[in-house]
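Here the protein sequences line up with chains H and V, keeping their order. For the first sequence, numbering that gives the first Met the number 0 gives the first residue as 0, with consecutive numbering after it. For the second sequence, numbering that gives the first Met the number 0 gives the first residue as 0, with consecutive numbering after it.
Misleading hints may appear alongside valid ones.
[Claimed, not checked] Here are the simulated DSBU-like pairs of lysine-lysine, each with C-alpha atoms no more than 30 Å apart in a straight line:
{"id": "1", "chain 1": "V", "residue 1": "Lys212", "chain 2": "V", "residue 2": "Lys164"}
{"id": "2", "chain 1": "H", "residue 1": "Lys23", "chain 2": "V", "residue 2": "Lys98"}
{"id": "3", "chain 1": "V", "residue 1": "Lys180", "chain 2": "V", "residue 2": "Lys217"}
{"id": "4", "chain 1": "H", "residue 1": "Lys50", "chain 2": "V", "residue 2": "Lys212"}
{"id": "5", "chain 1": "V", "residue 1": "Lys69", "chain 2": "V", "residue 2": "Lys317"}
{"id": "6", "chain 1": "V", "residue 1": "Lys164", "chain 2": "V", "residue 2": "Lys226"}
{"id": "7", "chain 1": "V", "residue 1": "Lys318", "chain 2": "V", "residue 2": "Lys329"}
{"id": "8", "chain 1": "V", "residue 1": "Lys23", "chain 2": "V", "residue 2": "Lys98"}
{"id": "9", "chain 1": "V", "residue 1": "Lys337", "chain 2": "V", "residue 2": "Lys56"}
{"id": "10", "chain 1": "V", "residue 1": "Lys164", "chain 2": "H", "residue 2": "Lys23"}
{"id": "11", "chain 1": "V", "residue 1": "Lys227", "chain 2": "V", "residue 2": "Lys266"}
{"id": "12", "chain 1": "V", "residue 1": "Lys192", "chain 2": "V", "residue 2": "Lys52"}
{"id": "13", "chain 1": "V", "residue 1": "Lys212", "chain 2": "V", "residue 2": "Lys192"}
{"id": "14", "chain 1": "V", "residue 1": "Lys217", "chain 2": "H", "residue 2": "Lys50"}
{"id": "15", "chain 1": "V", "residue 1": "Lys52", "chain 2": "H", "residue 2": "Lys23"}
{"id": "16", "chain 1": "H", "residue 1": "Lys50", "chain 2": "V", "residue 2": "Lys98"}
{"id": "17", "chain 1": "V", "residue 1": "Lys98", "chain 2": "H", "residue 2": "Lys28"}
{"id": "18", "chain 1": "V", "residue 1": "Lys187", "chain 2": "V", "residue 2": "Lys56"}
{"id": "19", "chain 1": "V", "residue 1": "Lys26", "chain 2": "V", "residue 2": "Lys317"}
{"id": "20", "chain 1": "V", "residue 1": "Lys226", "chain 2": "V", "residue 2": "Lys180"}
{"id": "21", "chain 1": "H", "residue 1": "Lys28", "chain 2": "V", "residue 2": "Lys64"}
{"id": "22", "chain 1": "V", "residue 1": "Lys164", "chain 2": "V", "residue 2": "Lys64"}
{"id": "23", "chain 1": "H", "residue 1": "Lys28", "chain 2": "V", "residue 2": "Lys148"}
{"id": "24", "chain 1": "V", "residue 1": "Lys69", "chain 2": "H", "residue 2": "Lys28"}
{"id": "25", "chain 1": "V", "residue 1": "Lys318", "chain 2": "V", "residue 2": "Lys26"}
{"id": "26", "chain 1": "V", "residue 1": "Lys337", "chain 2": "V", "residue 2": "Lys180"}
{"id": "27", "chain 1": "V", "residue 1": "Lys164", "chain 2": "V", "residue 2": "Lys106"}
{"id": "28", "chain 1": "V", "residue 1": "Lys64", "chain 2": "V", "residue 2": "Lys23"}
{"id": "29", "chain 1": "H", "residue 1": "Lys28", "chain 2": "V", "residue 2": "Lys164"}
{"id": "30", "chain 1": "H", "residue 1": "Lys50", "chain 2": "V", "residue 2": "Lys208"}
Hints are computed from structural coordinates only; laboratory data are not their basis.
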Amino acid sequence: MYINDHPLLESEFLEEITFFYEGKQLIAKSGQTVAAALMGNGIKVFGVSRKLQQPRGVFCANGRCCSCFVTIDGLDHTLSCMTRIEEGMQVFFNGGDPVVGRGGSGI
Amino acid sequence: MEFELVIIGGGPAGLMAALTAAEKGVKTAIVEESFALGGQLRQQAQVLENLPKEFGKQSGIALAKFFSNKVSSIGVTALLGHTMIGTYRNGTIGVSNGKDTFPIYAKKILVTTGAAEQAALFPGWTLPGVMTIGAAQILLNRERVLPGKEAVVLGCNSISYDIAKQLRACGVNVQGIIEKKSIDEIDKELIEKFESENIEVFFHSNIEKAAGKQHVEKVWIDNDVLKKEREIDLVCISNGLYPVTEPLELLDCEFTYIENLGGRIPKYGSSFTTSNSSVYVAGNAAGITCIEGILVTASIAVTGILEDLAILNNIEAKKQKEILWTELLKAETGRYSKVHDARISLVNDFLPKEI
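For reference, chain H alone in the conformation it holds in the complex (with noise of 0.2 Å):
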């Protein structure tokens, strides 16, 4: 849920933005991450663990617990808590490990 008068803080224009997540269009405030827009529009579970498939989200907000990992414009594993939301940006739930590309580039 937004706070949109925040008691303690002075009030700030943030332009509305739209973005999808699972495909399905959502509303965003300019400057937020991914990770707060996603808990803004109600939704915790962002992903599951790697061997357990037990339900993730955020956790430290400051990039370092990798627990708020989403799949965002095609980029597995993308920390959502420090990532800015963009316009139009496809954020998807991280549904397990990253598909490793086996290509001759050799990556």
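Starting from the known structure of chain H, arrange chain V on it as the hints suggest.
Below, chain V without anything else, positioned relative to chain H:
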């Protein structure tokens, strides 16, 4: 890219150092992992009472704004969204923005990477809705999103006091603070503060477990006498900080373990020089301290750097450092006296390598 001073980490320590260095004409860059300067000040809505005189009393948010405006107007290069990921053989550091990796040459490197929050382990601690208290504050004040509606906080300390109050002001029902220690082991003044805010503290208690289908829905509070089951959707862990030191490891600095400074930290001398003579450390990365301590250690380190770069002469630098160490002693008196004592013995043991 080439600079006289490269600062790793754009929080209060890094910004303080960058300002002082740039004012003296040092070509300075800040490498900052996040997309904004200010570090953890950016979400601190509480007023910081004991800042060095020139800053007066202001909130962390205001101080972050002041610092980042000043730093950009004074010509410091801020590399936002950049992380130091390694060193080259010639001592040049490698920096990446996720797409490109490139070398930066620096005469002096100052590491001000700050601190990270300790987790606390109990069954269910990995469930969404269980987060560090710092994460809750980021969501609340920086991102303006409610992290939950019904909360318990693990850890009775001044950080959890400030943030519990802020959570409540925004409409989160803080059901209580859970504290392992008994009531006699906690600072009386702090207990009174919680009491005056009508926030219940469960002493000698712990979270036995947390549970929920997809995210946290319940916690069991265990305190020998009673087992309380609580319906919540937010558990905030306030279990202290530890220094973030990866860049110092990459730079081959020698380390030691000092409990009172927050754990594993680099060895350093009275100018905050590490065992690698071109590398300095300051702020929480040099031992967990208060905001004044963070700012003053940065000032000492930058004085040492200015002396090394021959911008300050030895006599001026010595005088300046004496004043600053007195300030640091003052800042770290009382609650932080153990930190200061540990720091002094670390500095006294420091023997710079023969060059």
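Check: Going straight from one Cα to the other, do Lys337 of chain V and Lys180 of chain V come out at no more than 30 Å?
Finding: Distance ~19 Å between Lys337 of chain V and Lys180 of chain V Cα, so the pair holds.
Next item on the list: For the pair we were handed, Lys23 of chain V and Lys98 of chain V, check the Cα-Cα distance against 30 Å.
Entry: 34 Å, violated
Check: Are the Cα positions of Lys50 of chain H and Lys98 of chain V separated by 30 Å at most?
Finding: At roughly 28 Å apart (the allowed maximum being 30 Å), Lys98 of chain V and Lys50 of chain H satisfy the hint.
Next item on the list: For the pair we were handed, Lys50 of chain H and Lys212 of chain V, check the Cα-Cα distance against 30 Å.
Entry: 18 Å, holds
Check: Under the criterion that the straight-line Cα-Cα distance not exceed 30 Å, is the pair Lys337 of chain V, Lys56 of chain V satisfied?
Finding: 25 Å, holds
Checklist line | Pairwise hint evaluation, Lys23 of chain H against Lys164 of chain V, where the allowed Cα distance is 30 Å at most | finding: With a Cα-Cα distance of about 35 Å, the restraint between Lys164 of chain V and Lys23 of chain H is violated, given a limit of 30 Å.
Notebook entry, point to check: Do the alpha carbons of Lys318 of chain V and Lys329 of chain V lie within 30 Å of each other, as the hint requires?
Noted result: 17 Å, holds
Next item on the list: Compare the distance between the alpha carbons of Lys192 of chain V and Lys52 of chain V with 30 Å, and conclude whether the hinted pair is satisfied.
Entry: 26 Å, holds
Next item on the list: Starting from Lys227 of chain V, check that the Cα of Lys266 of chain V is at most 30 Å away, please.
Entry: Given that 30 Å is the threshold and the Cα spacing comes to 45 Å, the pair is violated.
Notebook entry, point to check: Is it true that the CA of Lys69 of chain V sits at most 30 Å from the CA of Lys317 of chain V?
Noted result: 27 Å, holds
Note to self: Check whether the Cα positions of Lys98 of chain V and Lys28 of chain H lie no farther apart than 30 Å.
What the structure shows: Holds. Lys98 of chain V to Lys28 of chain H sits at ~26 Å (cutoff 30 Å).
Check: Are Lys28 of chain H and Lys148 of chain V close enough, with their CA atoms no more than 30 Å apart?
Finding: 21 Å, holds
Taken one by one, the earlier hints fail for this structure at numbers 8, 10, 11, 13, 15, 27, listed in ascending order.
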